[in-house]
Amino acid sequence: DQQVKQNSPSLSVQEGRISILNCDYTNSMFDYFLWYKKYPAEGPTFLISISSIKDKNEDGRFTVFLNKSAKHLSLHIVPSQPGDSAVYFCAASPDSNYQLIWGAGTKLIIKP
Amino acid sequence: ETGVTQSPTHLIKTRGQQVTLRCSSQSGHNTVSWYQQALGQGPQFIFQYYREEENGRGNFPPRFSGLQFPNYSSELNVNALELDDSALYLCASSLMQGRETQYFGPGTRLLVL
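Protein chains in written order, with my numbering: chain A, 1 to 112; chain B, 113 to 225.
Please note that the accuracy of each hint is not assured.
Claimed, not checked - According to the in silico footprint, chain B covers these stretches of chain A (three or more CB under 8 Å from chain B):
#, segment
1, 17-24
2, 86-94
3, 101-112
Treat the hints as calculated values from the structure; they're not laboratory data.
Only a predicted model underlies this, so the values are computations on that prediction, with no experimental measurement involved.
Glycine is no exception: its CB is placed at the ideal position from the N, C-alpha and C atoms.
Required output: the full structure, derived from the provided sequences and hints.
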């Protein structure tokens with residue numbers, strides 16, 4: 001039972017354009033969402049988070065949008081840079097505890 | 113300030129053996145979480161330790177156990193290894209329990225033959 005789904009295993013985007021990574025969840029008890037980035041041979045690195053009381057959070061080139069009614073969140077990266085090539089994980093946390101439930105990841109490839 | 117470190121980086125064991133993986137938290141962090149990441153999947157929460165006490169556990173059998181030491185370093189022990197235990201094991205530390213940002217180590221790649 002996958003509670004957090006990233007349906008695109010990979011995404012290829014031209015440098016300078018916008019990258020949009022999507023994530024869907026099924027558990028209505030999730031109230032905190034995070035995006036992590038992972039390079040090969042390294043652990044995941046925190047990117048940005050959003051609480052369910054918000055529908056948007058922005059940090060530099062990264063913006064996360066949350067649509068609670070659709071149980072959907074997305075990460076926008078603009079403009080995309082070669083260093084953004086990595087695997088991106090969406091994770092969610094229920095209000096009852098602090099466990100993170102992770103999606104399977106989307107591999108983002110930025111083409112020069 | 114040193115980051116999260118894990119040892120060993122790679123390990124090969126045979127079915128039925130026992131393994132101990134180690135994690136040193138980032139300086140000042142008192143909470144450690146362990147995750148298992150199978151190939152092509154996202155990390156799965158194993159358990160979390162806060163000030164040397166287990167503070168939450170995922171859907172893993174009792175043969176997965178852990179310890180946190182007074183210096184907040186941590187161990188993950190797995191007994192009676194099975195082939196499906198082959199995975200990347202990630203350790204993450206945070207300043208305190210709760211919705212604090214977790215900082216991950218590079219992981220230990222375990223192969224069970």
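Okay, the hints, checked on the actual structure:
1. Against chain B, the segment 17-24 of chain A contributes 0 residues with a C-beta closer than 8 Å to a partner C-beta. That does not satisfy the three-residue criterion, and the hint is violated.
2. Counting residues of the segment 86-94 of chain A whose CB lies closer than 8 Å to any CB of chain B gives 3, which reaches the minimum of 3, so the coverage claim holds.
3. Figure legend: the segment 101-112 of chain A, annotated as covered by chain B; annotation consistent (5 residues with Cβ-Cβ distances under 8 Å, at least 3 required).
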